[in-house]
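Protein chains in written order, with the working numbering: chain X, 1 to 637; chain B, 1 to 500.
Hints listed in this document are in silico derivations from the structure and should not be mistaken for laboratory results.
Some hints could be false.
To be verified - Subject to a maximum C-alpha distance of 20 angstroms in a straight line, what follows is the list of computed SDA-like cross-link-like pairs (lysine to any residue): (1) X:Lys-160 / B:Gly-443; (2) X:Lys-160 / X:Ile-360; (3) X:Lys-71 / B:Glu-142; (4) X:Lys-159 / B:Gln-482; (5) X:Lys-159 / B:Tyr-372; (6) X:Lys-159 / B:Lys-369; (7) X:Lys-71 / B:Gln-482; (8) B:Lys-438 / X:Asn-109; (9) X:Lys-566 / B:Lys-438; (10) B:Lys-107 / B:Asn-26; (11) X:Lys-165 / B:Tyr-372; (12) X:Lys-159 / B:Lys-438; (13) X:Lys-159 / B:Lys-435; (14) X:Lys-577 / B:Asn-26; (15) X:Lys-160 / B:Tyr-372; (16) X:Lys-159 / B:Asn-26; (17) X:Lys-27 / X:Lys-160; (18) B:Lys-438 / X:Trp-157; (19) X:Lys-577 / B:Ser-431.
Claimed, not checked - Listed below are several chain X residues computed to face chain B (Cβ distance under 7 angstroms; list not exhaustive): (20) Phe-156; (21) Asp-178; (22) Pro-278; (23) His-364.
Even for Gly, the Cβ is constructed at its ideal location relative to N, Cα and C.
Listed here are the chains, written in short residue letters.
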Amino acid sequence: MIYLALILLLAPLVGTLLLLYIQNRSKRLSVIISNFSILLSFFVSIYLLFLYFNYNYLPETHDVLIFADTKLYYLAFGLYIDSLSLMMSTVVTSVSFLVHYYSISYMKNESSFNRFFVYTNFFTFSMLLIVLSNNFFQLFIGWELVGLSSYLLIGFWTKKESAIKANYKAFLVNRVGDIGLLLGLCLIFVNYSTTNYAEVFSLSNTINNHDIEIFGTSFNMLSAICLLLFVGAMAKSAQVPLHFWLPDSMEGPTPISALIHAATMVTAGIYMVARLSPMYALADDVSLFILYIGTITAFFLGLVALVQNDIKRIIAYSTISQLGYMTAALGASLYSLAIFHLMTHAFFKALLFLCAGSIIVKCHHEQDIRNIGGLRKFMPITYMAFLYASLSLIGFPLTSGFYSKEGIIDAIGYYDYTIPYLMLLASIFTTTLYTSKIFFKVFFGECTLHDKNEKENDKEMLIPLIILTAPSVFLGLFIFDILMSGELFGSALASNALVIDFYNNYVTNSLHFFLHSFLTVNFLILVLALIFGYYYYYKKSFNISVPKFVSTMLEGEYGFNNLSSKYIPIFQNLFTKYLWKKIDILTIDNGLINNTSAILDKISNKVRKFHTGFIYHYSLTIISALILLLLIVRMQY
Amino acid sequence: MFDYPILSLLIWLPIIGGLFLVISENMSNKLSEYLTLVITFIILLITINLSINYDYTSDQLQFVERTNWIDGLNIFYFLAVDGISVSLILLTAFINFLIAIYAVSEKYRNKSSFLGYFLILEGLLIGTFTAFDSILFYIFFESLLIPLFLIIGIWGGENRKYATIKFFLYTLFGSVLMLISIIYLSSIAESFAIRDFYSLNLSFNEELFILIAFLIGFGIKIPMWPVHTWLPDAHVEAPTSGSVILASVLLKVGGYGMIRFMLPITTEAGIFLSEYMIYLSLIAIIYISFVAYAQDDMKKLIAYSSVAHMGFVTLGIFLVFHLLDSNLTAAVIGLEGAIIQMISHGLISAALFFSIGIIYKHSKSRLLKDNYGISMYMPIFSFLMLFFLMANSGLPGTSGFVGEFLVITSSLGSNIIIGLLAATSLLLSASYSLKLGKNVLFGENIKNTQGYNECNTNEIIVLISLVIFILYLGLTPDYLFQIIDHTTINIIDSINLGRR
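Please take these sequences and the hints and turn them into a complete structure.
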């Protein structure tokens with residue numbers, strides 16, 4: 001298995017290197033190499049999954065490449081193969097392949113066509129590096145490398161000023177999270193001299209008994225580590241308050257938004273916490289913190305989506321909000337539910353973004369939904385795909401999104417986390433509302449296309465949409481039962497008992513869950529929101545005036561907009577210039593160094609005056625000195 | 001193993017060759033280029049051979065050459081290598097070979113003497129890293145100033161007079177203090193061999209004074225905050241190759257000296273002062289990063305970033321003092337981090353100064369506002385430069401990460417706050433490095449279409465070979481770890497032995 005897993009990991013890397021080598025020689029060759037390498041990865045991943053479940057393999061871990069092997073410590077790159085990593089790598093490679101295929105047509109007029117695939121292949125490799133890692137050190141490396149690919153891809157159009165600003169911001173905000181992750185990793189490494197998952201997990205009870213001193217107060221070591229690692233997850237998975245890079249990242253090409261900023265990279269934080277669930281399950285205080293961060297993100301950033309008008313920004317805020325759901329599930333120790341929602345979300349959100357990409361191309365790069373309308377007749381396939389993706393997003397019964405999202409909400413309610421439960425319920429309303437906003441404005445109403453004979457996009461762009469529709473709708477139903485009963489992930493995730501208990505006592509089975517859902521308050525909210533959206537956005541039968549301060553707050557994205565684009569840059573410029581001019585130049589250079597030389601200059605000028613060159617001055621000095629000396633001698637005897 | 005004095009050859013071959021080039025002013029450019037290339041290449045081959053034959057499982061000094069030099073005073077001509085020396089010699093030989101390649105396509109007036117000074121510098125640097133007699137070390141250490149002084153003074157920019165005088169006096173001041181303490185130590189030890197100083201029984205006050213003298217002497221060289229202000233000025237005025245050798249190898253002499261002299265000789269005083277020295281390093285990491293962000297001259301920005309990165313080297317070294325009593329593993333990790341950071345910074349800063357030199361050649365300006373949108377005209381170069389900037393910001397997979405990671409790990413062994421402060425470098429170094437990239441490489445440039453064209457072959461060879469080694473050390477640095485591991489542990493052991 002290890003060799004297959006190596007192929008799975010390295011195929012995209014080899015693709016990257018080949019693409020770098022061929023440069024812009026031929027578009028055809030670029031396409032073949034990039035798509036084939038990802039497809040190979042995907043097939044290997046599927047095959048491994050099949051082997052793993054059919055032959056009941058046990059989790060395997062191998063070190064592949066030694067990084068440092070010294071007398072006192074040991075670091076290596078390695079692979080960890082179990083159901084969790086294989087499921088995740090299947091999701092990553094499948095979405096990645098479809099996006100690659102879609103991009104052939106989407107990017108066909110770009111001059112740096114090849115560069116795009118270099119970056120995307122490299123991204124897939126780095127993501128797999130995280131997913132298949134067997135130690136914290138490699139996790140961190142993959143973590144930063146996906147950040148790098150995200151940076152490169154957001155700024156893919158290097159001439160576009162706003163894109164260059166956005167990728168700078170994205171990289172820096174992610175770096176804030178990386179500080180947390182790095183500190184967590186180093187704390188483990190320095191205290192326990194290992195970074196291997198399995199070894200650290202086996203120590204986690206010991207770690208739980210250790211303390212760490214910060215400013216004279218002691219804290220629990222395990223909580224400290226978990227909290228620091230989670231800071232990394234907060235930045236990567238766009239949780240409050242480190243979320244504000246994600247909406248700006250939409251400056252990149254749309255397939256990238258689908259692949260990186262919706263389906264895969266942003267879920268790395270979720271995956272990490274689930275992967276490390278044996279540690280997080282023991283850290284109750286941190287889990288509670290995670291639960292609240294997730295809930296706040298899900299609710300408050302869903303609201304922001306309501307006032308946005310850029311189609312990609314709306315979906316971006318929706319992504320943040322959905323990531324909030326997953327985070328909340330992690331906080332409630334419902335790890336398998338979080339991963340479940342991660343998987344379904346990857347498919348339906350990628351689908352939404354790819355549809356948005358098709359729409360944007362059709363509308364000549366118009367992204368403001370106020371200027372788009374009536375596309376239903378021109379793009380029937382895109383319309384249908386978008387419809388299914390939306391239904392899944394709002395959690396309409398029987399779709400994938402329904403099983404994963406309702407599962408989270410109901411389970412959080414089942415375990416009596418009252419406030420998070422209510423806030424997550426309320427977010428159903430906002431989710432439905434902004435989804436219907438896009439849906440009604442873009443596909444209905446007055447047609448805005450100039451050319452009335454427009455047709456659907458190329459088949460390269462349509463096939464991925466059609467394929468993605470299947471998991472967006474059916475994946476939930478397909479794996480709900482085996483996942484909830486704990487068969488799918490088994491020992492890969494901790495605290496499985498919580499989910500199983502919820503399943504046995506509340507859900508019973510997927511059909512029952514589906515039927516039962518029509519009687520729940522969740523469904524009522526959903527229907528209310530749909531009716532509201534229908535009359536408000538489609539029929540435009542009434543107007544609501546929101547209080548001024550609420551709308552400014554939402555449009556200003558709770559002040560994060562100003563903070564990141566105005567105040568921080570001003571602070572950076574003024575403060576750093578001040579430090580440089582006042583301390584470096586004024587104090588050290590002029591004050592200490594040049595002043596010293598000036599003073600020396602003065603003294604030497606003064607001293608020089610004694611050397612007048614006149615013989616009578618010298619003789620006077622000699623004589624007076626002699627007299628003085630004689631006097632001293634005289635006085636002593 | 002070797003029947004010829006390999007270290008002497010490494011030192012004197014380039015010095016003699018360099019002197020010959022300096023003297024023969026009328027030599028044709030072609031011939032001088034070939035001579036330099038051949039000499040630096042031979043040196044590189046010999047160093048590689050040396051590192052292969054270096055037995056890194058042994059704790060002993062190797063390739064020892066020891067003969068009487070000045071009989072009456074007991075001064076020896078004593079050369080040898082340990083793991084740290086080997087790694088730094090490899091760096092020196094490699095960087096000098098790249099400078100020789102780069103120089104082929106460049107125009108300088110009086111090229112043969114220009115190249116000659118670099119050869120002399122190479123010999124002196126190798127001498128500094130291999131001398132195990134303190135007077136011999138001091139002589140090499142001090143003579144380093146002369147060729148660099150001449151390189152900046154003759155081939156430098158407009159304001160070179162101020163810069164050279166500042167640079168010269170600054171470093172001279174530090175080395176005078178160092179000389180005094182070396183003489184004092186040798187008068188007690190009745191020997192000039194550095195290793196004999198380790199076992200001296202000094203009183204606490206003696207140690208304190210010697211420590212401060214060393215701190216100033218090596219601290220100026222490395223440079224530490226607040227004695228760093230000579231570096232940006234010197235860099236701005238130096239020609240490209242001068243900046244390269246200054247940043248990538250000359251600064252390392254300071255770190256090397258700290259490890260060789262300060263750590264084992266003045267341990268007790270070091271433990272006493274370690275907290276304050278750690279603060280100085282943290283100021284270098286954080287404050288200097290802010291200052292780097294404020295720069296609008298590319299060379300100054302990178303110069304300040306060098307100071308910030310050397311902050312990690314000093315932090316790693318001073319952490320050893322701090323951790324000696326509590327956590328020896330963390331101390332070893334910190335010291336190894338410091339050494340690896342030196343090697344890595346040697347490669348990355350060299351790459352960045354080469355890159356800036358290439359940009360300057362095209363646009364005749366080093367200011368950020370005069371250079372933008374380069375990626376439109378020089379895509380390959382831009383790709384490489386972005387890679388170097390990323391390496392400068394400590395991206396994993398590049399060598400820039402390894403040293404910082406180890407030093408931060410070690411600092412967490414003593415105190416999480418120190419670790420947190422050191423780790424802010426992750427954010428700060430990215431903010432100034434990418435600011436440079438954002439302004440210079442990206443954006444749209446329609447005005448200046450004539451100025452830029454893709455690099456020539458020599459430049460590409462130089463940059464690509466740097467990329468390869470930065471990646472190599474970032475992905476599988478195990479070889480480097482093997483070279484330095486025994487030496488590091490040995491140093492820490494000898495410190496502990498000296499204390500008892």
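Hint-by-hint comparison with the structure:
Taken as a hint, the Lys-160 of chain X and Gly-443 of chain B pair is honoured in the structure, with Cα atoms around 6 angstroms apart against an allowance of 20 angstroms. For the proposed pair Lys-160 of chain X and Ile-360 of chain X, the alpha carbon gap of about 17 angstroms is at most 20 angstroms, so the pair holds. The hinted pair formed by Lys-71 of chain X and Glu-142 of chain B fails the criterion: a straight-line CA distance of about 36 angstroms is larger than 20 angstroms. Our distance criterion of 20 angstroms between C-alpha atoms is broken by Lys-159 of chain X and Gln-482 of chain B, whose separation comes to about 45 angstroms.
For the suggested pair Lys-159 of chain X and Tyr-372 of chain B, the alpha carbons sit about 10 angstroms apart, so the restraint of at most 20 angstroms is met. About 16 angstroms separates the Cα atoms of Lys-159 of chain X and Lys-369 of chain B, which keeps this hinted pair within 20 angstroms; it holds. Between Lys-71 of chain X and Gln-482 of chain B, the direct Cα distance comes to roughly 9 angstroms. Compliance with the 20 angstroms bound is thereby established for this hinted pair. For a cut-off of 20 angstroms, the pair hint linking Lys-438 of chain B to Asn-109 of chain X is broken: about 25 angstroms separates their Cα positions.
Restraint check for Lys-566 of chain X and Lys-438 of chain B: the C-alpha separation of about 18 angstroms stays at or below 20 angstroms, so the hint holds. Of the supplied pair hints, the one linking Lys-107 of chain B and Asn-26 of chain B holds, its CA atoms being roughly 15 angstroms apart against a limit of 20 angstroms. Restraint check for Lys-165 of chain X and Tyr-372 of chain B: satisfied, since their Cα atoms lie roughly 14 angstroms apart, inside the 20 angstroms limit. Only pairs whose Cα atoms come within 20 angstroms are accepted, and Lys-159 of chain X paired with Lys-438 of chain B is accepted, the gap being roughly 11 angstroms.
Note on Lys-159 of chain X and Lys-435 of chain B: the hinted pairing holds, with a Cα-Cα distance of about 15 angstroms set against a maximum of 20 angstroms. Between Lys-577 of chain X and Asn-26 of chain B the CA atoms are separated by roughly 48 angstroms; this puts the pair beyond 20 angstroms, and the hint is violated. For a cut-off of 20 angstroms, the pair hint linking Lys-160 of chain X to Tyr-372 of chain B stands: about 13 angstroms separates their Cα positions. Taking the CA atoms of Lys-159 of chain X and Asn-26 of chain B, the gap is about 49 angstroms. The hint is violated against a cut of 20 angstroms.
Of the pairs offered as hints, the one joining Lys-27 of chain X and Lys-160 of chain X is violated, with about 23 angstroms between alpha carbons and a cut-off of 20 angstroms exceeded. For the given pair, Lys-438 of chain B sits about 12 angstroms from Trp-157 of chain X by alpha-carbon distance, which is consistent with the 20 angstroms threshold. Of the supplied pair hints, the one linking Lys-577 of chain X and Ser-431 of chain B holds, its CA atoms being roughly 15 angstroms apart against a limit of 20 angstroms. Taking 7 angstroms as the C-beta cut-off, the interface hint given for Phe-156 of chain X is violated, the closest approach to chain B being about 11 angstroms.
At a threshold of 7 angstroms, the smallest CB-CB gap from Asp-178 of chain X to chain B is about 6 angstroms, leaving the interface hint in force. Given the 7 angstroms rule on beta carbons, the hint for Pro-278 of chain X is violated: about 22 angstroms separates it from the nearest Cβ of chain B. With a least beta-carbon distance of about 21 angstroms to chain B, the hint placing His-364 of chain X at the interface is violated under the 7 angstroms criterion.
The earlier numbered hints that this structure contradicts are 3, 4, 8, 14, 16, 17, 20, 22 and 23.
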